[in-house]
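Student: Sequence:
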Amino acid sequence: MKKIAVMGTGYVGLVSGTCFAEVGHQVICCDIDETKINKLLTGEIPIYEPGLEEVVKRNIEEKRLTFTTDIPSAIRDSEVIYIGVGTPMAPSGEADLTYVKNVAKTIGENLNGYKVVVNKSTVPVGTGKLVASIIKENLNEEIDFDVVSNPEFLREGSALYDTMNMERAVIGASSEKAATIIKEIHEPFNTTIISTNVESAEMIKYASNAFLATKISFINDIANICEKVGADVTKVAEGMGLDTRIGAKFLQAGIGYGGSCFPKDTQALVHIAEQVDYDFKLIKAVIETNQQQKMQVVKKLKEIFPSLAGKKIAVLGLAFKPNTDDMRDAPSLDIIPALLELGAEIKAFDPIAVEEAKHHFADRISYSTDLHSTIEGTDVAVILTDWKEVMEMDLNKVKQQLNNPILIDGRNCFDLSYAEEAGLIYHSIGRPQVNQ
1 MKKIAVMGTG
11 YVGLVSGTCF
21 AEVGHQVICC
31 DIDETKINKL
41 LTGEIPIYEP
51 GLEEVVKRNI
61 EEKRLTFTTD
71 IPSAIRDSEV
81 IYIGVGTPMA
91 PSGEADLTYV
101 KNVAKTIGEN
111 LNGYKVVVNK
121 STVPVGTGKL
131 VASIIKENLN
141 EEIDFDVVSN
151 PEFLREGSAL
161 YDTMNMERAV
171 IGASSEKAAT
181 IIKEIHEPFN
191 TTIISTNVES
201 AEMIKYASNA
211 FLATKISFIN
221 DIANICEKVG
231 ADVTKVAEGM
241 GLDTRIGAKF
251 LQAGIGYGGS
261 CFPKDTQALV
271 HIAEQVDYDF
281 KLIKAVIETN
291 QQQKMQVVKK
301 LKEIFPSLAG
311 KKIAVLGLAF
321 KPNTDDMRDA
331 PSLDIIPALL
341 ELGAEIKAFD
351 PIAVEEAKHH
361 FADRISYSTD
371 LHSTIEGTDV
381 AVILTDWKEV
391 MEMDLNKVKQ
401 QLNNPILIDG
411 RNCFDLSYAE
421 EAGLIYHSIG
431 RPQVNQ
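Taking this note's numbering, the leading residue of the sequence shown gets 1, the next gets one more, and so forth.
Note that these hints are calculated values from the structure, not bench results.
The beta-carbon is built from N, C-alpha and C at its ideal position, and this holds for glycine as well.
Do not take every clue at face value.
Said to hold, decoys possible - BS3-like, lysine-lysine: derived pairs with alpha carbons at most 25 Å apart:
hint, residue 1, residue 2
1, K215, K311
2, K284, K347
3, K388, K249
4, K311, K397
5, K311, K347
6, K215, K235
7, K311, K358
8, K3, K63
9, K57, K2
10, K228, K299
11, K3, K129
12, K215, K284
13, K136, K177
14, K105, K136
15, K183, K3
16, K321, K388
17, K136, K101
18, K36, K235
19, K57, K3
20, K39, K358
21, K101, K63
Stated by the list, open to error - FRET-style restraints, in silico, Cβ to Cβ:
hint, residue 1, residue 2, range
22, P337, R245, 37 to 43 Å
23, G113, D279, 23 to 29 Å
24, S417, N38, 50 to 56 Å
25, L139, R168, 32 to 38 Å
26, S158, P188, 32 to 38 Å
27, S175, P50, 18 to 24 Å
28, E53, E142, 51 to 57 Å
29, G93, T180, 35 to 41 Å
30, N396, A285, 37 to 43 Å
31, L139, E274, 47 to 53 Å
Sequences and hints are given; from them, build the entire structure.
Tutor: If you want it as structure tokens, here you go:
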């Protein structure tokens with residue numbers, strides 16, 4: 001078992017470090033945020049991720065997992081150092097590597113023997129070489145080290161499961177010694193290991209997310225055509241998905257992708273292409289389609305009501321997807337301001353993301369964690385996130401609570417026959433309207 005230091009306690013760092021501890025490694029997770037570290041030492045989790053709190057507490061008790069702000073000591077005491085800090089999107093569209101560079105500098109200043117430094121954060125091609133050069137520039141003496149790319153493939157809301165049941169581990173290394181060490185760390189996960197050079201591993205992450213984003217934008221474009229020709233996109237997707245060359249995953253039409261990965265990574269890939277003088281037209285179209293798709297809900301509302309001024313709208317879901325409080329690039333961040341601009345009054349429901357939403361909307365809307373109190377007395381309900389509570393709501397009750405029996409479903413949560421039987425005027429994405 002290895003002694004591992006993880007730099008950063010966000011989604012990537014905290015989940016990865018916890019799961020490494022769970023399979024028996026000795027892990028110390030580091031962060032410069034003292035408040036966050038103090039909370040973690042008591043088992044309090046700064047992010048919402050199902051099941052994570054229990055695993056963190058168990059590994060703290062079994063002394064395999066600890067947390068610290070003393071980053072130099074953690075570096076010196078570890079064999080392997082994972083970089084799991086944020087790489088937010090810069091105004092130019094490229095990944096902002098400020099935090100990665102800062103960590104690399106600190107590693108260089110405190111290296112006291114051979115270590116394997118692993119980029120876990122999503123970083124542009126060439127970052128491995130950049131990290132290596134920064135570490136080398138800051139060494140106090142000549143010390144051997146290796147830099148490896150080991151990208152994460154976590155889905156928020158199921159990150160713990162995805163790590164413990166990882167489909168593959170991509171290990172990009174320039175030395176066999178470093179590759180062997182990272183392979184040993186992954187042995188307890190019984191996963192398929194892909195060994196490659198650092199640059200290929202870095203590209204695998206971006207290419208994977210860009211391809212999935214492309215599938216989403218493609219099916220959303222197909223959905224918009226389906227509405228015009230009378231087809232049902234759910235049946236179209238089902239027929240497509242049975243083709244093993246295509247597959248059924250990521251063919252669910254809706255109001256587009258959001259979150260911390262797809263928007264950032266597609267933009268970063270455009271920037272990477274531009275850096276080598278390549279015009280990546282396909283991924284640019286994917287990004288444009290996704291942005292337009294978010295406004296389909298607003299478009300449908302404007303077609304239904306001559307004016308939205310004074311209309312009370314129940315917005316069901318604020319997070320970009322269920323089982324997370326993450327609102328980064330969530331459709332709600334575009335849709336709600338557009339509705340407010342048109343004079344609508346917004347009552348918003350979300351079981352987890354209300355506090356996060358207040359940072360974005362303040363007192364411009366009202367909030368609730370109770371689904372039916374949100375719907376009660378509104379003129380129309382709009383589904384933006386397919387939370388379990390939303391998927392299981394009684395449409396007959398919804399009809400009784402609404403001033404007008406109108407439901408706009410941006411996530412295709414319900415069968416058309418159920419909406420029709422409930423007597424709702426039901427508009428979804430890429431499917432025929434019900435009770436028009």
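Student: Each of the hints needs a verdict: does it hold here or not?
Tutor: Results for each hint:
1. A C-alpha spacing of about 35 Å is found between K215 and K311, which places the hinted pair above 25 Å, so the restraint is violated.
2. About 34 Å separates the Cα atoms of K284 and K347, which puts this hinted pair outside 25 Å; it is violated.
3. Between K388 and K249 the CA atoms are separated by roughly 19 Å; this keeps the pair inside 25 Å, and the hint holds.
4. A hinted pair counts as satisfied when its Cα atoms are at most 25 Å apart, and K311 with K397 qualifies at roughly 20 Å.
5. Proposed proximity of K311 and K347 is supported: the alpha carbons are some 11 Å apart, at most 25 Å.
6. As the CA atoms of K215 and K235 are separated by approximately 16 Å, the hinted pair is consistent with the 25 Å bound.
7. About 21 Å separates the Cα atoms of K311 and K358, which keeps this hinted pair within 25 Å; it holds.
8. For the proposed pair K3 and K63, the alpha carbon gap of about 12 Å is at most 25 Å, so the pair holds.
9. A distance of roughly 20 Å separates the Cα atoms of K57 and K2; the hinted pair therefore holds under the 25 Å criterion.
10. With a C-alpha separation of about 14 Å, the suggested pairing of K228 with K299 holds against the 25 Å cut-off.
11. Proposed proximity of K3 and K129 is supported: the alpha carbons are some 24 Å apart, at most 25 Å.
12. Between the alpha carbons of K215 and K284 the distance comes to roughly 14 Å, so the proposed pair stays at or under 25 Å and holds.
13. With a CA separation close to 19 Å, the supplied pair K136 and K177 stays within the 25 Å bound.
14. A C-alpha spacing of about 9 Å is found between K105 and K136, which places the hinted pair at or below 25 Å, so the restraint holds.
15. About 14 Å separates the Cα atoms of K183 and K3, which keeps this hinted pair within 25 Å; it holds.
16. Note on K321 and K388: the hinted pairing holds, with a Cα-Cα distance of about 11 Å set against a maximum of 25 Å.
17. This hinted pair checks out: K136 and K101 have alpha carbons roughly 12 Å apart, not beyond 25 Å.
18. Between K36 and K235 the CA atoms are separated by roughly 47 Å; this puts the pair beyond 25 Å, and the hint is violated.
19. For the suggested pair K57 and K3, the alpha carbons sit about 19 Å apart, so the restraint of at most 25 Å is met.
20. Of the pairs offered as hints, the one joining K39 and K358 holds, with about 22 Å between alpha carbons and a cut-off of 25 Å not exceeded.
21. Distance hint between K101 and K63 is unfulfilled; the C-alpha atoms sit about 30 Å from each other, more than 25 Å.
22. One distance hint, 37 to 43 Å for the beta-carbon pair P337 and R245, holds here, with the actual separation near 40 Å.
23. For the pair G113 and D279, the beta carbons lie near 46 Å from each other, so the given range of 23 to 29 Å is not met.
24. Checked against the hint of 50 to 56 Å, the C-beta distance between S417 and N38 comes to roughly 53 Å, which is consistent with it.
25. For the hinted restraint 32 to 38 Å between L139 and R168, the CB-CB distance of approximately 33 Å keeps it satisfied.
26. Distance hint for S158 and P188: a CB-CB separation of about 20 Å, inconsistent with the stated range 32 to 38 Å.
27. In this structure, S175 and P50 break the distance hint of 18 to 24 Å, their C-beta atoms being roughly 38 Å apart.
28. For the hinted restraint 51 to 57 Å between E53 and E142, the CB-CB distance of approximately 44 Å leaves it violated.
29. At roughly 37 Å, the beta carbons of G93 and T180 sit within the given window of 35 to 41 Å.
30. As the Cβ distance of N396 to A285 is approximately 41 Å, the hint placing it in 37 to 43 Å holds.
31. Range check, L139 to E274: Cβ separation about 33 Å, and the 47 to 53 Å hint is violated.
In summary, the numbered hints that this structure violates are 1, 2, 18, 21, 23, 26, 27, 28 and 31.
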